[in-house]
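Produce the complete structure using the sequences and hints provided.
Protein sequence lines correspond, in order, to chains A and B. Residues in the first sequence are numbered from 448 upward in steps of one, following this note's numbering. Residues in the second sequence are numbered from 448 upward in steps of one, following this note's numbering.
Think of the hints as simulated: they come from the structure by calculation, not from any bench. Keep in mind that a hint or two might mislead.
Since copy identity is lost for identical chains, a pair holds within one copy or between any two.
[Stated by the list, open to error] No more than 30 Å apart at the CA atoms, straight line, and that leaves these computed lysine-lysine pairs for DSSO-like:
no., residue 1, residue 2
1, Lys520, Lys479
2, Lys543, Lys479
3, Lys544, Lys520
4, Lys536, Lys547
5, Lys557, Lys536
6, Lys543, Lys520
Since this is a predicted model, take the numbers as computed values, not measurements.
Number of protein chains: 2
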Amino acid sequence: MSARKSKVRCCDETPVNVEGVSEGELLARLAKALAHPARVTIVRMLIERASCVCGEIVGELPLAQSTVSQHLKILKQSGLVQGDIDGPKVCYCINKKMLKLLQTLVSGLK
Amino acid sequence: MSARKSKVRCCDETPVNVEGVSEGELLARLAKALAHPARVTIVRMLIERASCVCGEIVGELPLAQSTVSQHLKILKQSGLVQGDIDGPKVCYCINKKMLKLLQTLVSGLK
DNA sequence: ACCGTAAATCGTCGATCAACGATAAAGGTA
DNA sequence: TACCTTTATCGTTGATCGACGATTTACGGT
Chain A
448 MSARKSKVRC
458 CDETPVNVEG
468 VSEGELLARL
478 AKALAHPARV
488 TIVRMLIERA
498 SCVCGEIVGE
508 LPLAQSTVSQ
518 HLKILKQSGL
528 VQGDIDGPKV
538 CYCINKKMLK
548 LLQTLVSGLK
Chain B
448 MSARKSKVRC
458 CDETPVNVEG
468 VSEGELLARL
478 AKALAHPARV
488 TIVRMLIERA
498 SCVCGEIVGE
508 LPLAQSTVSQ
518 HLKILKQSGL
528 VQGDIDGPKV
538 CYCINKKMLK
548 LLQTLVSGLK
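Here it is in structure tokens:
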């Protein structure tokens, strides 16, 4: 093996591609990512546990593995969540920048 | 005419029925209401202009009147927006309690 | 009573969502 | 290599969304 086979830390810094997207569009996208109870639960889990897991998420939700995988895909596409491959598993975690952005956009509604 | 035909103020206090709904469910609902750019625009308009109008909203969006009406319905169902009938027109405005609730729920994501 | 304006509702259509089981891909281990 | 585990993807199904035009409903004004 090279340096380290599987790094414990995952989801380092984040690109966050938000090119030419209006604030309204962006807020709508992020809101859409949260527009399902299961996804809210996933986000909360990822925030709570700094450690990012995937199988655990499946175990915690009353949904099939494929369904959870779909929700994770949607969350990843929104940028709110990232997933790093760690051996046979995938390590998911929150993109704090995006979460912060969402919070800023929502708080700015006034 | 009796006292005042059409009150200038509209959207007084708000009921806000959030009975037996978990926080996650609630956040998901509110997020869903914002999960479309047109609805974000509407919410922003209503926040900006204390005066609440409906025809103006239609005039400002590149959408048919019926489509805007649908979006308004969704926003009303979420509780984020209220509409009071004012003669032949309908006066829409933000439910500040709900907006605050949304902001609290999103800010609480940490 | 009649007309005009404002808004909601209806019906339709294509697109997307949400869920599942089944299957495939990718990596670790014996 | 063969297996096992983990996750993603495929294919399907029913439900909901988003948009529209057309129609209906509700008021105000004449």
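If the cutoff is 30 Å on CA atoms, where do Lys557 and Lys536 land: within, between, both or neither? Let me know, please.
Answer is between; shortest inter-copy Cα gap is 25 Å, intra-copy 42 Å.
Identical-chain pair category, Lys544 with Lys520, by Cα at 30 Å
within (18 Å within a copy, 33 Å between copies)
Classify it for me, Lys520 with Lys479: is the Cα-Cα distance of at most 30 Å met within a copy, between copies, both or neither?
Both, since 13 Å and 18 Å are each at most 30 Å.
Is it within, between, both, or neither for Lys543 and Lys520, if the alpha carbons may be no more than 30 Å apart?
Within one copy, since 17 Å is at most 30 Å while 33 Å is not.
At most 30 Å between C-alpha atoms: does Lys536 with Lys547 qualify within a copy, between copies, both, or neither?
Within. Shortest intra-copy distance 27 Å satisfies the 30 Å Cα cut-off; inter-copy 39 Å does not.
Alpha-carbon proximity between Lys543 and Lys479, which holds within one copy, between copies, both or neither at 30 Å
both (17 Å within a copy, 21 Å between copies)
Of the numbered hints given earlier, the model fails none.
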